[in-house]
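In order, the protein sequence lines correspond to chains A and B. 23 is the number of the first residue of the first sequence in our numbering; add one for each residue after it. 161 is the number of the first residue of the second sequence in our numbering; add one for each residue after it.
None of these hints come from the bench; they were simulated from the model. There are no misleading hints in this set.
Which chain A residues stay away from chain B? Per the calculated CB distances, all over 12 Å, these:
{"#": "1", "residue": "Pro88"}
{"#": "2", "residue": "Pro112"}
{"#": "3", "residue": "Arg117"}
Selected chain A positions facing chain B (in silico; Cβ < 10 Å):
{"#": "4", "residue": "Gly126"}
{"#": "5", "residue": "Gly170"}
{"#": "6", "residue": "Ala175"}
Listed next, the stretches of chain A that the computed footprint assigns to chain B, with coverage defined by at least 3 CB atoms under 8 Å from CB atoms of chain B:
{"#": "7", "region": "77 to 86"}
{"#": "8", "region": "90 to 98"}
A virtual CB, placed ideally from N, CA and C, is assigned to each residue, including glycine.
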Amino acid sequence: MWFGSDSAGRCGLALLALVLVSLAPAPPVLAHAAFLELRPVEGIAVQGRYDDGTVMAGAQMAVFAPNDPARPWLTGVTDDEGWFRFVPDPAIEGRWTVQARQAGHGAMAYVEVGGEGEAMAAVMLMAGGDEAFSPLQRGVMTASVVWGLIGTALFFQRRRAA
Amino acid sequence: MHIPDGILGPAVTLAGYAGTAAVMAVCLGQIAKRDDPRRDVPKAAMLTAAFFVASLVHVPIPPTSVHLMLNGLLGVVLGWFAFPAIVVGLFFQAVMFGHGGLTTLGVNALVLGLPSLLAFALFSARHRLLPAAPWSDAAVGFVAGAGAVAAAVVLVAVVVLAGLPAHVDPDLERRAIQVFALAHVPLMVIEGVVVAMVLAFLRKASPELLLGR
Chain A
23 MWFGSDSAGR CGLALLALVL VSLAPAPPVL AHAAFLELRP VEGIAVQGRY
73 DDGTVMAGAQ MAVFAPNDPA RPWLTGVTDD EGWFRFVPDP AIEGRWTVQA
123 RQAGHGAMAY VEVGGEGEAM AAVMLMAGGD EAFSPLQRGV MTASVVWGLI
173 GTALFFQRRR AA
Chain B
161 MHIPDGILGP AVTLAGYAGT AAVMAVCLGQ IAKRDDPRRD VPKAAMLTAA
211 FFVASLVHVP IPPTSVHLML NGLLGVVLGW FAFPAIVVGL FFQAVMFGHG
261 GLTTLGVNAL VLGLPSLLAF ALFSARHRLL PAAPWSDAAV GFVAGAGAVA
311 AAVVLVAVVV LAGLPAHVDP DLERRAIQVF ALAHVPLMVI EGVVVAMVLA
361 FLRKASPELL LGR
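Only chain A is shown next, with the shape it has when bound in the complex:
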């Protein structure tokens, strides 16, 4: 007898239930293996440096998307070499702002995303400011200001002498 005893009956019911459950459509979250799809994308690497050449290691970075300049789109910290890497969302076109700050020092750089032709173009790196000038230019600029101040001194000295 198949269902002669109570225990055999319970076992059979359980088996039937198991078959029914296995036939029911499984929820998708329980599905199978996971896959990773890798593809190279165009990203931005930015390095923070002080004007004496020291790298800004451990500086706090904030990336601002053009559609919300008030709230950072991404935050992070530069590595030991002062580098910070990110991939802007290509759907948000316009001028992205990257800001580095460390102990009250800081710099800003801009990245143009989208538009015609070039997908991305780093516009300006403004770390410390004066790296844009050659030593000769810096020398002339310094000398001009100093001479202006010495001239002021001489002018007032002469007036006093007169």
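Knowing the structure of chain A, use the given hints to seat chain B on it.
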């Protein structure tokens, strides 16, 4: 010691400009009270040049480097002229080399200028603090020079931490400021020695240039 544009919010930068305008008014008022307000203009212009160039001189202090400030020297040698001299010097540093910024000019002027006026106050009171001796000018000069740097570091820390935006990690920034402050300890000694040496030199070479003889 130059807070650049973009670090501080508009409220702090505006307050900096208001504070600088107030201090400038007090300084110019004190200068105008003198018999000949223009007498010290040549001296102020020369020291403004020195202050302007000083920020380009980097003193390597591993793992970083700091630049000379000379705010204590300006206070001790120029008195009330120190603050206007610092404002002019900071303006040229910001415009020419991007050291500091135009929006933060007011804040930076207070950060460097207030300690400068403190150094002036300390030096003016030296005869009451120490017995008149050849070394007393140099001793007070050392304290004024070192103290002006220390006060500026404290002011930078206060301003930066008070105006921290929400997305900045305060702990990380605090640690960075501690490193920044430690790097300035040798600079305090250097600037203290510079002021002491300048005062010792002026006392011998041209004592008429010393304030409040």
